[in-house]
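Model the full assembly from the supplied sequences, consistent with the hints where possible.
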Amino acid sequence: MLMLLIFVALVALICINVPIAIALAMAGVIGLLATEGVSSLVSIALDMYSGSTKFSLIAIPMFVLAGAIMNAGGITDRLINFVSAIIGFVRGGLAMVNIGVSLFFAEISGSAVADVAAMGSILIPQMKKRGYSAPFSAAVTSSSASLAIIIPPSIPMILYASSSNTSVEQLFVAGVVPGLLGAAGLMFVAYVFARRYNLPTEEAFNTKRLRETFVAALPAFTLPVIILGGIFGGFVTATEAAGLAVIAALIVSAWYRNLDLRHLRRAMLDGGIQTAVVMLLVAASVLMGGFLTRAQVPQDIANAILGITSQQWVILLILNFFFLVVGFFLHSAAAIILVVPIVIPLIAAAGIDPVHFGLVVTLNLAIGQQTPPVASVLITSCAVARANIWDVSKVNIWFILILLTVLLLCTYVPSIPLFLVDYFYR
Amino acid sequence: MNAIKRLAAILDFLLEAFTVFLMVVLTVVVIVAVLARLAGESFSWYDEVAAIMLSWITYYGAALAALRRRHIGFDSVLLSIPVQFRMIAVLLGEAVVLTFFILMAYTGFQVLAVLQGSYLVSLTWVPIQFTQSVIPIGAILFIICQILSLPDYWQKTRDGISLEHAEIEEEVDEELAKNAPRS
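Quick mapping for you: the protein sequence lines, in order, are chains A and B.
Just so we're aligned, residue 1 is where the first sequence starts under this note's numbering, counting upward by one.
Just so we're aligned, residue 1 is where the second sequence starts under this note's numbering, counting upward by one.
Since the hints were made in silico from the structure, they are not lab data.
A hint or two may mislead.
What the hints assert, rightly or not - Partial list, derived from the structure: chain A residues whose beta carbon lies under 8 angstroms from chain B: (1) LEU10; (2) LEU13; (3) VAL29; (4) TYR49; (5) LEU244; (6) LEU269; (7) ALA283; (8) ALA295.
As the list claims (entries may be wrong) - SDA-like, lysine to any residue: derived pairs with alpha carbons at most 25 angstroms apart: (9) LYS54/A / TRP125/B; (10) LYS54/A / VAL77/B; (11) LYS54/A / SER162/B; (12) LYS129/A / GLU169/B; (13) LYS54/A / GLU169/B; (14) LYS394/A / TRP125/B.
Glycine residues also receive a C-beta, built at the ideal position from the N, C-alpha and C atoms.
See the structure below:
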């Protein structure tokens, strides 16, 4: 009965637009008051402090900062030129370039919305000028940016790792193959559209041009090399890689002569605010989590579901459906912080690999960024393209189908995300 | 109304400056520690100090985010209900937020009183009262920021404008303007 009351209070507070962090914390307070009385309220100060001091989450401000410095640092044009030299000759070249650049961008920044605003504002106007429809341009940008959240570094993955006591490094590695697979799928859909609507090609393939653009973009590639090489090679932790990424971003921006104090201050501020917003959620989840653990709620849920079925594929199906529905209504960070601690005991009891499940959760939430009403990435793309959300969604369905296919493949063929993890770590 | 706006602008400036300062310090601490570790040296204070910096960024940044109404929420239901009920719901929501932070400030001061005489493990000259002061101070700042930003939120919500959408529009306009000469 108490749990029902708390759940109703949580949903009601979220529905009247109380910040989700505060709604979560308040639900925790109700639980504390009901079970342990007024004297337990001191947990508010204690949990809100300890929740905000999780060392592993220092990677979040550092990756956000590295991305913000790079966004301001003139890297976008060079990446676009380089990717255009590789695949611009294909029909629908600019759509391919859009997807390809998203992949590179994903290697640098953890925030899909910031990437869409920065990259989409250059590519979408170009696409429209070259005869691509506004809804198609927005759909390509939106779906490829969301796919990018499963490619390291990824803030949702850092949050998942922290919520589930899983290795963030292994999660990063698990995202690489599904990310490439998804990009190939998105490019296939873009190609089909390009043939059907006779969309233009860009420049003809030219080795000299490829070499020139590669050299121009070369300093920017130090970031993925540091992040992926450092982590995969076991030289640095995710937090250390994040620190190194900031150094590299500063050096590369200085190299491109695009580093000025105004941009740097803006990058620091963006990093600070984004971190605060996510960390307040994390701290609130510690307050709520303490109550849930003492009330044995996650264990009860695990037992209830295991009482119905212990088949891994059925449990994964139920959780996939659940996370897809949650993704309609919650931002990815909020969804992870709210739901993951509750379902982790079930995952452990069912014998599902937590790294595998982390990848499945992140992919679900990537799809959630494409589905209104809460779909920040889609809304940003629509705003850049000046297109109606409904028109964009009608095109975007095809790209979402690709993401769903990748999700099903990764869910039911665990070796797709895990074989690189097995190779590097197990 | 003008006094509220002026006060909000001053607080915005101060919190922005302090958040940027904290980010600079955290960045320097992380970079120095990583480079030192790669060079075979490690600092005993690094984990503790970096974690405290993160906590300070969380609460001073959260107050700034409250002033700018940037916390993650869900406004679709609120904006779809009739105006008179919507505004009652806004008042209720604001009351809940303020209640939580009043409790956090109150219990934060209780904890500070207990911590008198305690010092950090790695830096034994730093009182824990100083590092944990962020909880009551952050809570009070949040309350002030929430109240100062209420008039604008009230107006926008009454007019049916989503703050998140307005913020995205603003960011997109800025990026489009920046890239206009190139596109």
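Hint by hint, here is what the structure shows:
Annotation: LEU10/A was flagged as interfacial toward chain B, and the flag is violated, the nearest CB pair being 11 angstroms apart, outside 8 angstroms. Against a cut-off of 8 angstroms between C-beta atoms, the interface hint on LEU13/A holds, since the closest Cβ of chain B lies about 6 angstroms away. Annotation: VAL29/A was flagged as interfacial toward chain B, and the flag holds, the nearest CB pair being 7 angstroms apart, inside 8 angstroms. Look at TYR49/A: its Cβ gets to within about 5 angstroms of chain B, closer than 8 angstroms, so that hint holds up.
Hint status for LEU244/A: holds, given a least beta-carbon distance of 6 angstroms to chain B, under 8 angstroms. Taking 8 angstroms as the C-beta cut-off, the interface hint given for LEU269/A holds, the closest approach to chain B being about 5 angstroms. Residue-level restraint check for ALA283/A holds (minimum Cβ-Cβ distance to chain B is 7 angstroms; threshold 8 angstroms). Interface hint at ALA295/A: violated, since its Cβ lies 20 angstroms from the closest Cβ of chain B, which is beyond the 8 angstroms cut-off.
This hinted pair checks out: LYS54/A and TRP125/B have alpha carbons roughly 23 angstroms apart, not beyond 25 angstroms. At roughly 33 angstroms between alpha-carbon atoms, LYS54/A and VAL77/B are farther apart than 25 angstroms, so this suggested pair is violated. Taking the CA atoms of LYS54/A and SER162/B, the gap is about 32 angstroms. The hint is violated against a cut of 25 angstroms. Using a Cα cut-off of 25 angstroms, the hinted pair LYS129/A and GLU169/B holds, with the two alpha carbons roughly 21 angstroms apart.
As the CA atoms of LYS54/A and GLU169/B are separated by approximately 33 angstroms, the hinted pair breaks the 25 angstroms bound. Between LYS394/A and TRP125/B, the direct Cα distance comes to roughly 62 angstroms. Violation of the 25 angstroms bound is thereby established for this hinted pair.
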